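If you read the protein sequences in the order shown, they are chains A and B. Converting from the first sequence to my numbering requires adding 65 to each position, the first position being numbered 1. Converting from the second sequence to my numbering requires adding 65 to each position, the first position being numbered 1.
Wrong hints could be hidden among the right ones.
Example chain B residues on the side facing chain A (calculated, C-beta under 10 Å, incomplete) [stated by the list, open to error]:
1) 108
2) 140
3) 221
4) 222
5) 267
6) 286
Source of the hints: derived by calculation from the structure; they are not laboratory data. Just so it is clear, the structure is predicted and the values come from calculations on it, not from any experiment. Note that the Cβ used here is the ideal one computed from N, Cα and C, for glycine as well.
Number of protein chains: 2
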Amino acid sequence: MSEPTAAAATAPRGRGRPRLGENNETRERLLLAAQQLFAERSFTQVSLRDITEAAGLSLASVNYHFGSKDGLLLALYQRWAPSLIREREQLLRDALGSPGTVEQRVAAVLRALVLPVLRWSRQAQVQDFHVPFTERLRLDGPPEVRALMRTGTAHLRHFVRALCELLPHLSRSEVCWRLHFVLGIEHAIHREASRLQAMIGHDIDLDDVDAVTDRVVRFCLPGWLLP
Amino acid sequence: MSEPTAAAATAPRGRGRPRLGENNETRERLLLAAQQLFAERSFTQVSLRDITEAAGLSLASVNYHFGSKDGLLLALYQRWAPSLIREREQLLRDALGSPGTVEQRVAAVLRALVLPVLRWSRQAQVQDFHVPFTERLRLDGPPEVRALMRTGTAHLRHFVRALCELLPHLSRSEVCWRLHFVLGIEHAIHREASRLQAMIGHDIDLDDVDAVTDRVVRFCLPGWLLP
DNA sequence: GTCTATAATATGATAGAC
DNA sequence: GTCTATCATATTATAGAC
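Make the full structure from the sequences, and use the hints.
Listed below in structure tokens is the structure:
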């Protein structure tokens, strides 16, 4: 991946050629097929032949539309990237704009952090495709994509600031630690649900996202109210 | 990986041939080289040529000593698998054997769960090699290895039982949920330390494992004492 | 735009010399 | 037990017809 390719530079350009990001049905079919295959096997193990066959297109189509295999990965990442952060920030603004006791307001901030991921996580596409695909990108994605992923935690600073203001007796680093813990819990629900299933021994319902969020907030809140 | 190989069946056997698990210097050199390369790149992207070159051996050596590429992966997994669970179980027995209030005893059980991972996680080899290697195995490992990995949560039942007995007013599934949360926090420290670093903005010391464990237990304990 | 055909290269595995 | 040489196959990317 990514080493032997100056392909982005030689990608199709000029009149009559698709620009990066242009939408047409062939592109969509390639992206969909690639997404499914990349969820199952490593990038190097999914060949362009596999993708184009699944899409019912010729081997040459990927290189035509995305310039290279890496170009396809980048396009795939970009279509999934942003929505979650926007929702978190919207809920955070709502939480900060509402009145209440410190305890209620801390709970609302935690809710703004956790709820969007848990809601988003319930989509079948996210569990089936996006989660494994993202894990692969973190491990093996093209450097270009991995750099984009790393900027994804910047918005957490808004949560740190909000919690520092609500709990001024806590040091900033203490707030960061506790936030880190809450994100760990969120991760467990989002990505390790099968472990919970295995422990409980039967299927559990994660679709009631509000109830699960309440469970998380209830468990964490006393820890946040410690001196 | 793993599809085209009945290689384990045709692996070297009989007089003069190494048995699986036998130790000699060539095996060790191959395992070490493979470990380093698999930490960096996906299994399919690391060729047997890469491994044998790094080990200073001939291409044929992997097939001779491990039967196939998958055989090498299995050997690599088996040498890392068990020690953590043993330490957790030992600490759990110690915790259950000691007297104290319910609160103290719950704290000791949580400590037995968290401390071994955090201590283990501090080894440079674990962070540099084992973490990425394990993530790769979960995604792309040979089915044989993935099956072995799945059984790795069985020992958590001992923690569930201990906590159910200490907190009999909680339902078993409530205990599982809370345990799942604690494991999520543990994961955050073990595998997402860079996020914490990024939030705090400067280097943090995770080497004082006892202090970090105390931090986790202190944050979680009030949540465990909820009705 | 999409195809077929092919170039150029890399791979896992094995045979056989020593 | 380790080597070299080779097989059979798969890969990405591209050239060129339509």
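Here is how each hint holds up against the structure:
1. The closest approach between the C-beta of residue 108 of chain B and any C-beta of chain A is roughly 7 Å, which is under the 10 Å cut-off, so the hint is satisfied.
2. The interface hint given for residue 140 of chain B is broken, as the beta carbon of that residue sits about 20 Å from the closest beta carbon of chain A, more than 10 Å.
3. Checking residue 221 of chain B against chain A by beta carbon gives a least distance of about 6 Å; that is within 10 Å, so the hint holds.
4. Because the beta carbon of residue 222 of chain B sits about 7 Å from the nearest beta carbon in chain A, less than 10 Å, this interface hint is met.
5. The closest approach between the C-beta of residue 267 of chain B and any C-beta of chain A is roughly 9 Å, which is under the 10 Å cut-off, so the hint is satisfied.
6. Below 10 Å, beta-carbon pairs count as interface contacts, and residue 286 of chain B has one with chain A at about 8 Å; its hint therefore holds.
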